[in-house]
Amino acid sequence: MNKVLQSMRIAFRALRVNKLRSALTMLGIIIGVGAVIAMVAVGSGATARIQEQIASIGSNVIIIQPGSQNFGGVKSGNTFTQTLTEDDARAVSTECPNVLYTAPLQQGNAQVIFGNNNWFTQVRGTTPDYLAIRDMEIQTGQPFTQGDVDSSAKVALLGKTVVDNLFNGGDPIGQIIRIKKVPFTVVGVLAPKGQSPTGQDQDDVIIMPISTAKKKVVGGRQNNMLTVGQILVQAREGGTKFAVTEIQGLLRQRHRLQPNQDDDFDVRNLEEVYAAQESSAEVMSILLASIASVSLIVGGIGIMNIMLVSVTERTKEIGLRQAVGAKTKDILAQFLVEAVTLSVLGGTIGIILGVAASLLISYFAQWATFVSIGSIVLAFLFSGLVGVFFGFYPARKAAFLDPIEALRYE
Amino acid sequence: MANELIRIDNLRKDYHVGDFTVHALRHVSLTIDRGTYVAIMGPSGSGKSTFMNILGCLDKPSAGTYHLDEVSIGELDRDELADIRNRKIGFVFQQFNLLARTTALENVELPLLYADGDKSKFKERAMAALTAVGLDNRADHHPSQLSGGQQQRVAIARSLINNPRLILADEPTGALDSKTSVEIMAIFQRLNREQGISIVVVTHEPDIAHYADRIITFKDGKVLTDELVAEPRNAKRELEQWVTEDEEEPAA
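Quick mapping for you: the protein sequence lines, in order, are chains D and R.
Mapped onto the numbering used here, the consecutive letters of the first sequence carry residue numbers 1 to 410.
Mapped onto the numbering used here, the consecutive letters of the second sequence carry residue numbers 1001 to 1252.
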């Protein structure tokens, strides 16, 4: 132990002598570690956020969409084929034992006006069960009812973003807003939900009865007033897989599909969608960290190069140390400790800079970042390892110099 | 026997350069007693540098034996040689070889860092060594802030720190002016006469060699002459004369 302290003493003295060179040597490690910490923080933040969203989205949610293929998550109502109908939704609701709630969905975008303010937002026409399926709560006011759907009542629920942009702080309940020149009464305001895993503002939305939506707002493109863009389903606890099978069977039957024909609809478990996003976020995270790690290797190579130069420049000094009694292992230890000191010190500075960068990124880019203790500890260990690994060759070179040759070196 | 510090029997050193073998030293036998002050002379290629390297345990003989303080050097490995150098030999070089941007005190301490024994009291021991060469007031100076003579004195203090049996000086005055050279010679003579430290100085200048008690001359890898100096120069007295000469500067 004493010998280790001795080596550290010798090494620190040597590093102090040439502070500029020491600083430049550390630069590669500082950047490398800083980059890894920041990238891993961004990746972890994204993953954590998705996990949060999965927890908040309400599990057991199934999306049924027309057409056979659909990438990514929830899509808006641009359909190429209109194969799903409101009757399909009703059938699913009554005939699938593992289905708890069903809500047909028709979406579109529209301009909303109140007084002098207007706002372009997404309008969703649906039934009251939609709120239960999507885990949406009413903050003030009331949801609309099945009766409103039956009577195509002109009522609407507003998300917080819409309220903020139209009402300047006033109470929207009972007020009349105009959507495509049609007057709607605001009956409720939705509790805020924040950003979705796909980065969309979940509070920028108006929800109204599907019948009203089709008649007054989202009409036009459909030939058939009975079709819907999506059907949302909440399955019973633990029965999601069964529900999916039941729905598929039922719809194939209703759409009279032959055994050799593909589904003309897509049944997807929402949790799967988000899980897929989570795993791609993780892959992204690993990719980012790997790329940043390359800079760590470059930093290590930098240490090795500078140390090699340093050994050459200090040949005479090494010879002198050997002459006054430094053994092979003394010289080896000195240069190894110098290398590890540089790499660990650089790693520490890199960690501090990386954390600072993560904070800046989360503040300015509004991305979630998360620096874990684990990543800091790992970064430390790694910098130490880099020092040992890349410092070894120069240290060895120094230790095995011939004292006579070294003393003669000009 | 006990009085012998160095005993060399039939020493040979060969270097292999490509296909050639250079016989740097051939059949050298001599002894040096403790407490003597020896100068080694000879032209380049005479083998004196090779001899000095072996004497300093930086190199090993190809044949023959070298006993330092009754230990046979030829059988030691690299690390054991380093240990001997640390404990028994103090080096003084022509170019001083001090660590740059390091204080005089830290420079003197250097051999202590590699010593196996007692590690305490570095500072005190280093200060004592600096005091012995008259530089205690410059302990915190860097080499760049010291004159050539002062640097060499720091180097001498460093060579003394571990109480060596032998001080080995390679052209110690080669980089110094005449007056400073005499100052350095004075230190060596004092260390030898007052403290009984054995000194071996390698030089090509006869003037410097004549401060020693014995001069060994090498030629072609062998000892050419090995003679006691009848009347060694007295560095201390020469310095005193120098001072009075300076004071007696005649008016222009």
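Any given hint could be a false lead.
For lysine to aspartate or glutamate, the following DMTMM-like pairs were computed, each having C-alpha atoms within a straight-line distance of at most 20 Å [stated by the list, open to error]:
#1 D:193 / D:135
#2 D:397 / R:1077
#3 D:329 / R:1014
#4 D:316 / R:1079
#5 R:1121 / R:1106
#6 D:19 / R:1106
#7 D:316 / R:1106
#8 D:316 / R:1171
#9 R:1060 / D:405
#10 D:329 / R:1171
#11 D:3 / R:1106
#12 D:329 / R:1059
#13 D:329 / R:1116
#14 D:215 / D:86
#15 D:241 / D:204
#16 R:1222 / R:1245
#17 D:193 / D:137
#18 D:329 / R:1083
#19 R:1219 / R:1014
#20 R:1060 / D:402
#21 D:3 / R:1070
#22 R:1060 / R:1079
#23 D:329 / R:1070
#24 D:3 / R:1116
#25 D:316 / R:1059
#26 D:397 / R:1079
#27 D:3 / R:1014
#28 D:316 / D:410
#29 D:3 / R:1080
#30 R:1236 / R:1220
If you are wondering where the hints come from, they were derived from the structure by calculation, not from laboratory data.
Now the hints, each set against the structure:
1. D:193 / D:135: Between residue 193 of chain D and residue 135 of chain D the Cα gap is close to 10 Å, so the pair holds against 20 Å.
2. D:397 / R:1077: holds (19 Å)
3. D:329 / R:1014: violated (28 Å)
4. D:316 / R:1079: Within the cut-off at roughly 19 Å; holds.
5. R:1121 / R:1106: holds (13 Å)
6. D:19 / R:1106: holds (18 Å)
7. D:316 / R:1106: holds (17 Å)
8. D:316 / R:1171: Judged against 20 Å, a Cα distance of about 17 Å means the pair holds.
9. R:1060 / D:405: holds (14 Å)
10. D:329 / R:1171: The given pair, whose Cα atoms are some 30 Å apart, is violated under the 20 Å limit.
11. D:3 / R:1106: holds (18 Å)
12. D:329 / R:1059: With Cα atoms ~19 Å apart, residue 329 of chain D and residue 1059 of chain R stay inside 20 Å; holds.
13. D:329 / R:1116: Satisfied, since the Cα-Cα distance of roughly 13 Å is no more than 20 Å.
14. D:215 / D:86: Holds - the C-alpha atoms of residue 86 of chain D and residue 215 of chain D are around 14 Å apart, at most 20 Å.
15. D:241 / D:204: violated (31 Å)
16. R:1222 / R:1245: violated (42 Å)
17. D:193 / D:137: holds (9 Å)
18. D:329 / R:1083: holds (12 Å)
19. R:1219 / R:1014: It holds: about 15 Å lies between the C-alpha atoms, which stays within 20 Å.
20. R:1060 / D:402: Between residue 1060 of chain R and residue 402 of chain D the Cα gap is close to 12 Å, so the pair holds against 20 Å.
21. D:3 / R:1070: Between residue 3 of chain D and residue 1070 of chain R the Cα gap is close to 29 Å, so the pair fails against 20 Å, i.e. violated.
22. R:1060 / R:1079: Given pair residue 1060 of chain R, residue 1079 of chain R holds - Cα atoms ~13 Å apart, limit 20 Å.
23. D:329 / R:1070: Measuring from Cα to Cα gives roughly 27 Å; hence the hint is violated.
24. D:3 / R:1116: holds (9 Å)
25. D:316 / R:1059: Holds, because 17 Å separates the two Cα atoms, which is no more than 20 Å.
26. D:397 / R:1079: Between residue 397 of chain D and residue 1079 of chain R the Cα gap is close to 16 Å, so the pair holds against 20 Å.
27. D:3 / R:1014: violated (37 Å)
28. D:316 / D:410: holds (8 Å)
29. D:3 / R:1080: The hint holds at about 17 Å.
30. R:1236 / R:1220: violated (35 Å)
In this structure, the hints that do not hold are numbers 3, 10, 15, 16, 21, 23, 27, 30, in rising order.
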